[in-house]
Amino acid sequence: MTDSAPSGDVAGTPLLDLTGVSKGFPGVQALDDVSLELRRGEVLALVGENGAGKSTLMKLLAGIYTPDAGVFRLNGEEITIEGPKHAQELGISIIHQEFNLMPDLTVAQNIYIGREQRAAGFFLDERSLNRRARKLFEGLGLALDPTERVENLTVAKQQMVEIAKALSFEAKVLIMDEPTAALNDAEVDVLFELIGRFRRPETGVVYISHRMEELTRISDRITVLRDGRNVGTRVTAETDQREVISLMVGREISGEQRPAARPIDGAPVLSVEHLSTRSLLRDVGFEVHAGEILGFAGLMGAGRTEVARAIVGADPRESGEIRMHGKAVSIGNPAEASRHGIGYLSEDRKHLGVLLERSVRENIVLSALRDYTSALGFVNDARIEATGRDYIERLRIKTPSSAQLVQNLSGGNQQKVVIAKWLAKDCDVLIFDEPTRGIDVGAKEEIYALLKGLAEQGKAIIMISSELPEVLRLSDRIAVMAEGRLTAILDNADATQENLMDYATRFSSEGTIA
Amino acid sequence: ADSGATTGGDAGGDTPYVALVSKGFQHQFWQAVKSGAEQAAEEFDVEITFEGPDTEADVDQQIQMLQTALDKGPAAIGFAALDSQAAGPLLQQAKDSNIPVIAFDSGVDSDIPLTTAATDNLAAAAEAAKHMADAVGHEGKVALVVHDQTSVTGQERRDGFVEYMEENEPDIEIVDIQYGGGDQAKSADLAKAIIAANPDLKGIYGSNEGSAIGVVQAVKELGIDPAALAVVGFDSGKAQMDAIRDGLMLGAITQNPVGIGYETVKAAVEAINGEDLPETIDTGYYWYDAANIDDEEIQAVLYE
Amino acid sequence: MTSPTVTPPTSDRSPSTTAFAAIDKGTPRFARLRGSLQQLLAFASLILIVVVFSIASPHFFTANNLVSILTAATVTGVLALGTTFVIITGGIDLSIGTGMVLCGVMAGVFLTYLGWPLWAGVAATILFGGLIGLINGVNISVLGIPPFIATLGMMLIAAGLSLVISGTKPIYFNETPEFQSIMNLSIIPGIRFPMGVAIFIVMIVVAAVLLSKTILGRYTFSIGSNEAATALSGVNVRRWKIVIYTLAGLFVGLAGVLSASRLSSAQPTGGMGLELEAIAAVVIGGTSLQGGKGSIVGTVIGALIMAVLTNGLRIISVPQEWQSVAVGIVILVAVYLDMLRRRRA
Amino acid sequence: MTSPTVTPPTSDRSPSTTAFAAIDKGTPRFARLRGSLQQLLAFASLILIVVVFSIASPHFFTANNLVSILTAATVTGVLALGTTFVIITGGIDLSIGTGMVLCGVMAGVFLTYLGWPLWAGVAATILFGGLIGLINGVNISVLGIPPFIATLGMMLIAAGLSLVISGTKPIYFNETPEFQSIMNLSIIPGIRFPMGVAIFIVMIVVAAVLLSKTILGRYTFSIGSNEAATALSGVNVRRWKIVIYTLAGLFVGLAGVLSASRLSSAQPTGGMGLELEAIAAVVIGGTSLQGGKGSIVGTVIGALIMAVLTNGLRIISVPQEWQSVAVGIVILVAVYLDMLRRRRA
Ligand SMILES: Nc1ncnc2c1ncn2[C@@H]1O[C@H](COP(=O)(O)OP(=O)(O)OP(=O)(O)O)[C@@H](O)[C@H]1O
Ligand SMILES: Nc1ncnc2c1ncn2[C@@H]1O[C@H](COP(=O)(O)OP(=O)(O)OP(=O)(O)O)[C@@H](O)[C@H]1O
Ligand SMILES: [Mg+2]
Ligand SMILES: [Mg+2]
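Protein chains in written order, with the working numbering: chain A, 165 to 678; chain B, 677 to 980; chain C, 16 to 360; chain D, 16 to 360.
Wrong hints could be hidden among the right ones.
What the hints assert, rightly or not - The following label-pair restraints were derived from C-beta to C-beta distances:
hint, chain 1, residue 1, chain 2, residue 2, range
1, C, P132, D, F76, 32 to 42 angstroms
2, C, I202, D, L129, 57 to 67 angstroms
3, C, L129, B, E839, 20 to 30 angstroms
4, B, E815, D, W134, 51 to 61 angstroms
5, D, F76, B, G960, 42 to 52 angstroms
6, D, L142, B, G783, 29 to 39 angstroms
7, D, I70, C, V348, 50 to 60 angstroms
8, D, R254, A, V235, 53 to 63 angstroms
In short, the hints are calculated from the structure, not lab data. Note that the Cβ used here is the ideal one computed from N, Cα and C, for glycine as well.
With the rest of the complex left out, here is chain A:
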């Protein structure tokens, strides 16, 4: 099932051809003799588990890392990529997995940084820069304001800026490292349209994603990396998800179906009433019970993250009451939330999730550190090490040791570290904001199993996700938000992708539900 028309040009010299590429980091062989070819006019999907080496391979192409071995050919000609600028000059454009934007600059300034429109040599021509950006956005069909400062944008919009920036380089090879991780379904559609427009007989796209269902829609061929090796390439039309996944993980994964309706009994653990914030939320109220997973669906900017942040006191509330086990609690900051047994796992891993320069185990015990501290304030390193090792095993975090710095882990493994942090702290209510963002299918299943397990242990789980299938699969009930209001709370049995989308687009005039 492909809705993309032109297939790769099978016959001619490949657009990009890598042979025998290896790259090691101390303690990790990230890439081991990888060969790969990108044909003209094709979208080549690159998949693999977290830490398989996908980003590393792309960083080699972007001139950020230097390979230990291997030959790169562009249009049949051997090339040596000397740096990011050189890569751009060669026509290789990349959207990194982690954002690379200047938050204090405007959208247009970000896109054309290093390629400024100049009026006279040294002077800038801001107006024509903005005009150029506006034209770019028109061509791409993006509703971005060139003069807005990037720090005021949501994650999704920032991602759009990254994409627009990459497309603005008349590139021949476009590399996208998990561009949809921060996008919801509607936004993904926009992106695919953009890719379709970019794809021409002389160009090619390398597309990295953990969302299997996307691959059939967008890619012509799929190359699978496992443990730094190319374990096979398949033509998309001739394969299926099962085969790709088993290549990736080396075993079969049975994605189970939507949960049977489980009876949720007992009193609510967390109840939220009349929650409003100055910026967005209006009178949000809901309850979560022990043993229940409450999903939150909605479009980008609907306010799901804001609900979570307001509950844990990360943002100021204008009004609203929060009860734990029926008792009103006052929560002014996340520390108080945590003391009352509410944990919040942020959607922005890099800035709000991990301590990049600290070790894996320090990150894991951060929330629960008091439990590892004696009355006199001394920390018990042996126990911390044990806990670190335990979670590394349980969540299969790919790291040489618990002392590894988190910045050296692949994105997905960093996400697992953040999850481990909240597992190590024994909370009654856990709010997971986009918990599977950037996580491979295998690990996703593990995280789903973890969430379920937590629910079965009697914890109340709130799961915010932009992937409707995920919401549908895990949630016992689903809350839908639009424009800062709750527009529906549905039992899983009553929910479909269609009616969730319908509630997610009920704007203003329609009333709020209780």
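Following the hints, position chains B, C and D with the ligands against chain A.
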């Protein structure tokens, strides 16, 4: 600026080594003291080093310099104390090691120094006040720009001036005393503020070179008629001498810094040789103005 | 962002766009308005201080005293202008105070010892400041020494070299008496408005244009905002950082000329502490030490707040020991109010 | 085909950091080994300087002079210990120099003016330092004033208050002559090893344990590494930052006691510039001003390098004007070599 850099500190040679720890280093005054000391060093064939803290507020730094000087095992020490009591333990240490100590510039409040080569700052400041009073016709408002609020010289040069006025000049009012750290630009800015706040001011006294030049600078920048505002200074230096010649400054008190340095080393040599020393060596002070600035006697104690 | 599949049939605008418009603060006009409002408010607290002093003393708000304030603000202000660029990149420059002193000494060397003509000596002094900045830039950018340490080292080196080169004596500009006109020449005879202040004003304009209208300014912000991303975008961050520190050095050179001209002599001592004053002016003006944010107007307001405070407290004869307490408290309060306002905004 | 200039996009920090991080083999033992190796190498450059001076002068490597060096390092060292915590959180404390002076004055007030017994006066002085730190912490953490500004304001306030409280005169400890023993009492009679140095050594151990073995130390690193993420992890970042600044203040109080004891008097002036010396010691010791990285051992080595340099240059009678040049150059070279080594490693 060479003070025996290569072998300095080695007491091993036959020339005795005298370490001088002063209150300052960077200012002209201290450089003049240093040159006097060097003259004497040459004359009496001793080796000297001359050091002082970056600012006269830096008691701790001075103590450290004194400690290092002691550790070098000198034959004698010349010391201008920022705070005598703070230096007490180290002076005791010097005494215990039989290293003679000569105080200079201001007295050291201790019986350890064998003698003190210094100016009587209180009397010198009173002399400045006397000339100021004459210049303003014994009535009206005057102000002080003092270089330092806490050091002994700062206090004595302030108090000597103020006390003279209080005792002898009932019609002169001291309207403001401000401290500029001896920094010219800062002293200029604050002198301008004083003048702005007191349009009928008749005189300003600057208590050291930097303060005095700062006041002159303020007068220049405001374009005030020098006849209407008497500026009295302290110490010398080219800028101050020029200001006096140009009529911008009425006159100033100069100490004899070269003499202080010279007498200190001379006394140190005498102490090393076991000679008796007088209790104090008054190095004197002089009033100079346009009338006597080119006199030989005055020229000898001025420095550029 | 358009998302055709979810657009309700009744509307031809994307819902998410609409949702955004409601909370978007970002229309360019509004952003600009907010920007100037912010500076207006910082300006307002300056005005407030001026009003308070004007009421407290009749001698404060006079043409002569206002010129005195500007004169007092000039040297620190010129230093602060250059430092604004450095701080916006996320760096710091501790060498500006003693560097300025060294430049003054070099002016003495060029004009008095070497007898160069005025223009050549002044130009060489400013370039010498640029050289100090260049060395800082190379140390930071090529050798990778953190800015704090690189410029701390330079601060000490410059302090020492000033003494060494001058022989610890002031150098007077006897050969070039016109030299002192650079700062002191009165260009509006009635109120003795000195040329130095005019130069300061011109430099404000130059710095503001550089920061907001040129590629240099753009990269200054970009580096401070996200240095790694700027490098990945193909900007030669190393080179631009060198350029920015060199620029700051040129301002240091100019400050050296102005301060030596003001005193008609190159004083080889002092300068320490001036860097903190200049940095304080920059930060009070709203430039973030984290980098990425800042403005020249803010820096000028910051420098004026400092100068007005110092002058005003003297005018109203606050005992000197209380003056630094007062300045400290006002700095805290001013920055705190600024924070409050921003948080509200 | 190299691209050493570019930081991989996963990190905001300098390339060397990443390169350094990349070599972490990760086993705890290896990490510890590397850690000590690193300090060993910093230690090596200290040793090198010591050896050079020992060869240059017979007066340098003597028991008495080494004790003098330790004595000279004590006050700055104690200040640097506390500042290490602050800097690891990504903050800065400019108020330590004048804050220390104010604490000394308060010691004079407690012991001489109020006539409190020695132990009470000393304890009160240290707590007073803690109070200064507490105010800094509240200003930074609750009011949200940036550390640079909050502590700059405190620096000025403390400088002024020292003069106000003391009446601009030194206070002598005539009532409690034992006070001067705190710093000066010789505890190893033969070589005049003063108690102050012993106190310094004890404080090094206390600080090292606090930083590496306690929850306070862990949060210090966490906050410096990523403050927002630490807060969202349920750590009361505000409160811990207040605690950390208060801790730094306690060290300031102790430094005030030691320096007043050393001088047998509370000098109400000075202290400015000491903060830069202490910060320099911290940074030379490898603690990053960006926060998140640092060690007490490093700080101690940094403080010793500074003290040895100052002492050694005096001992070999380098003319004073050259001394600061030499210190500046050595700081640059030491930090540069450290960078090189880390990049290589
Ligand atoms: N700078 C580095 N230093 C040390 N190890 C590294 C570094 N960068 C990557 N690695 C390691 O190399 C391996 C491959 O990482 P890479 O980021 O390429 O994975 P990935 O396939 O992109 O994973 P994900 O899907 O989670 O993004 C991982 O084990 C990672 O920990
Ligand atoms: N500091 C801020 N300034 C301006 N707007 C903000 C700020 N914080 C949040 N918003 C806006 O509030 C809205 C709610 O965002 P929130 O992150 O809660 O939505 P969401 O439903 O979680 O969507 P997603 O996370 O998928 O973007 C967004 O449109 C965002 O732009
Ligand atoms: Mg990746
Ligand atoms: Mg969200």
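Now the hints, each set against the structure:
1. Checking the proposed 32 to 42 angstroms range against P132 of chain C and F76 of chain D shows it is violated: the Cβ atoms sit about 54 angstroms from each other.
2. As the Cβ distance of I202 of chain C to L129 of chain D is approximately 58 angstroms, the hint placing it in 57 to 67 angstroms holds.
3. Checking the proposed 20 to 30 angstroms range against L129 of chain C and E839 of chain B shows it is violated: the Cβ atoms sit about 49 angstroms from each other.
4. Take E815 of chain B and W134 of chain D: their Cβ atoms lie about 57 angstroms apart, and the range 51 to 61 angstroms holds.
5. Between F76 of chain D and G960 of chain B the Cβ separation comes to about 45 angstroms, which falls inside the hinted range of 42 to 52 angstroms.
6. The hinted window of 29 to 39 angstroms between L142 of chain D and G783 of chain B holds, with their beta carbons roughly 38 angstroms apart.
7. At about 55 angstroms, the CB distance of I70 of chain D to V348 of chain C agrees with the hint of 50 to 60 angstroms.
8. Between R254 of chain D and V235 of chain A the C-beta distance comes to about 57 angstroms, which sits within the given range of 53 to 63 angstroms.
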